[in-house]
Structures are given as structure tokens and as C-alpha cells.
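Q: Let the sequences and hints guide you as you build the complete structure.
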Amino acid sequence: MKKVVVKIGGSLAIDEAKLSDFVAGVAMLPGMDAQIAVVHGGGKDINENIALLKEQPTFIDGLRVTTPSIMKMVEMTLSGHVNKKLVRMLIEKGCKAVGISGVDASLFEVEKRRGNVDLGLVGDITKVNPEIIVTLFGGGFVPVVSPISIGQEPGGPSLSWNVNADTAASELAVALKADQFVLVSDVPGVMDGNKNVIPELNEETAEKLIAEGVINGGMIPKVRESFKSIKRGLKAIHIVGWKDAEHFTKQINGDLNYGTILH
698 MKKVVVKIGG SLAIDEAKLS DFVAGVAMLP GMDAQIAVVH GGGKDINENI
748 ALLKEQPTFI DGLRVTTPSI MKMVEMTLSG HVNKKLVRML IEKGCKAVGI
798 SGVDASLFEV EKRRGNVDLG LVGDITKVNP EIIVTLFGGG FVPVVSPISI
848 GQEPGGPSLS WNVNADTAAS ELAVALKADQ FVLVSDVPGV MDGNKNVIPE
898 LNEETAEKLI AEGVINGGMI PKVRESFKSI KRGLKAIHIV GWKDAEHFTK
948 QINGDLNYGT ILH
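Under our numbering, the letters of the sequence shown match residues 698 to 960, in that order.
Among these hints, one or two may not hold up.
[As the list claims (entries may be wrong)] Derived DEER-like restraints, expressed as beta-carbon distance ranges:
#, residue 1, residue 2, range
1, 789, 910, 26 to 32 Å
2, 713, 793, 18 to 24 Å
3, 793, 889, 36 to 42 Å
[Stated by the list, open to error] The calculated lysine-lysine pairs, modelled on DSS-like cross-linking and capped at a C-alpha distance of 27 Å, are:
#, residue 1, residue 2
4, 905, 699
5, 940, 715
6, 940, 793
7, 700, 769
8, 790, 809
9, 932, 782
10, 925, 824
11, 715, 793
12, 905, 932
13, 824, 809
14, 874, 928
15, 715, 947
16, 932, 947
17, 928, 699
18, 741, 940
19, 699, 824
20, 947, 699
21, 715, 699
22, 741, 699
23, 905, 925
24, 793, 700
25, 782, 715
26, 699, 790
27, 874, 925
28, 925, 892
29, 769, 790
30, 751, 769
Hints listed in this document are in silico derivations from the structure and should not be mistaken for laboratory results.
These figures come from a predicted structure and were not determined experimentally.
From the three backbone atoms N, C-alpha and C, an ideal C-beta is built for every residue, glycine too.
A: Right under this line is the structure:
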């Protein structure tokens, strides 16, 4: 039975029609000899809730600057609202879904991200403990994973940390030695300067496009983290847009390839 990690973006999580179609596709997969883990973001939901704090969201290279008050809202939104909404919808489709975050069973252990700019409570994953996912797979469950992770600053208490969902998904895929890793994005793939999908992309070309500003915003960490994962054992990663449940299941089954393949 093949292991599949699918990461979905925030826009899909708030589009009711597309989300309903997505969970219908996911619910079919356990019957197709596939163990599937879903890792989700929720950026648009987070921005709406952060507006209640009267704090302006700030991003650097696609990563959210996370103050303590924003961290509370990020965790409530991702591990609470978005995560449980997905679980409920999957259960309604007859899927044995279980919602967890990177905090549970120390799935994702992190250290504070260091750099020229202090991003606040933003962590870099240093260790993945996939036992909880393997256990859920063994029971026939579909894990739905929020990227909120656990870690501490030296001498301090354990804290929840904000981790980019693409990073969390790629780290999980590597730790599980996943047979397939699919990133469902808001766009149909990585786009060239003329807004056409690039069918295949290697790291050298990707960095050139980043330097030219063709690849920008949230697609930068998505692409870079994908290539890190490939170097650590994944054969290829697909960045695709959402079309429908039929396209999605064909993608998983290997009957159809669309979007951008990173290799």
C-alpha cells in the first residue's frame, strides 16, 4: 500500500465547493490501496482573524512574522477551526479522519528560525517523529495535520511555533518515505513570465526564476522546500492546482500528471 502526503493551501480550505470536492476525492483513496495524510495551511482564515487584533500581517519571503498574540490566533485558526472543519467534512464522506497538529506526540520538533530579520515565533523543523502518523495509518485512519509545531528557546518552556505548511508537509513526506507528495496550490503550477504552467522544473532553473522575480511570494518557500526534500530522498514533487476529484484521484493513481513536476 503506497503512502501519500497531500498539502492543501488556505484558499482551497475556504472555498466550500472545491473543498467538498477535495474531501470526496480523499475519501476514495483508502479504498484504492493508498494511505493518505493531509497537511493544510489556512493563510486567508488567519488573516481574517488577525484583523480582529488590529495587527497588520507582515510577510518576508512568503513567511509570516509571528508575534505572541498572532501566534495564539494562528494556532486557534489552524489547529482549531481549519483542522476540525476538514475532519468533519471527511467524516461526512465516510472517511476515518483524525485531526492533529505538529504538537501532538511531538510530531514536528522545531528551533527558532535564525536570520537577519527576527520572524518571532517562526520555527525550523529539526526532527520529525512520524510514529503517530504510522499508527493512524495502521488503524485505517486519515491524519489531517496542522503545521503548528512544538519547541522551546534555550532554558524556556515548550511553546507552539508557526511553521510554513509546505515545509511541514515536505518534512513529513521525507520522514514517511512517501511514495507520492502532492502540493495542491492556488495556481495550476509554477508559472513562467507569461503566466503559463512550467511542466517540469529543476533547481537551477527555479533559482534563476526566483532571482528574476518570476517565482515570488508564497511560491518561493514552496519551491525551495520541495527541492530540499528531493535532495533527501523524494523522487519528484507535483505542484498542481485543484481541478476536481477525478483529476486528483488519477494523479494519485499515476494515470494523469498535470501542473509542475519538480525533479
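Q: Run every hint past the structure and note whether it holds.
A: Do the hints match the structure? See the list:
1. 789 - 910: 26 to 32 Å: violated, 43 Å
2. 713 - 793: 18 to 24 Å: Check passed, 22 Å falls within 18 to 24 Å.
3. 793 - 889: 36 to 42 Å: holds, 41 Å
4. 905 - 699: violated, 34 Å
5. 940 - 715: holds, 8 Å
6. 940 - 793: Given that 27 Å is the threshold and the Cα spacing comes to 24 Å, the pair holds.
7. 700 - 769: Measuring from Cα to Cα gives roughly 32 Å; hence the hint is violated.
8. 790 - 809: It is violated: about 39 Å lies between the C-alpha atoms, which goes past 27 Å.
9. 932 - 782: violated, 32 Å
10. 925 - 824: holds, 15 Å
11. 715 - 793: holds, 20 Å
12. 905 - 932: holds, 22 Å
13. 824 - 809: holds, 13 Å
14. 874 - 928: Distance ~13 Å between residue 874 and residue 928 Cα, so the pair holds.
15. 715 - 947: With Cα atoms ~17 Å apart, residue 715 and residue 947 stay inside 27 Å; holds.
16. 932 - 947: Roughly 19 Å separates the two Cα atoms, so the pair holds.
17. 928 - 699: holds, 21 Å
18. 741 - 940: It holds: about 20 Å lies between the C-alpha atoms, which stays within 27 Å.
19. 699 - 824: holds, 23 Å
20. 947 - 699: holds, 14 Å
21. 715 - 699: holds, 25 Å
22. 741 - 699: Since the Cα atoms of residue 741 and residue 699 sit roughly 32 Å apart, the hinted pair is violated (cutoff 27 Å).
23. 905 - 925: Cα-Cα ~16 Å, so holds.
24. 793 - 700: holds, 16 Å
25. 782 - 715: With Cα atoms ~14 Å apart, residue 782 and residue 715 stay inside 27 Å; holds.
26. 699 - 790: Answer holds: residue 699 to residue 790 is near 21 Å, not above 27 Å.
27. 874 - 925: Given pair residue 874, residue 925 holds - Cα atoms ~14 Å apart, limit 27 Å.
28. 925 - 892: Holds. Residue 925 to residue 892 sits at ~25 Å (cutoff 27 Å).
29. 769 - 790: Not satisfied, since the Cα-Cα distance of roughly 31 Å exceeds 27 Å.
30. 751 - 769: Holds, because 14 Å separates the two Cα atoms, which is no more than 27 Å.
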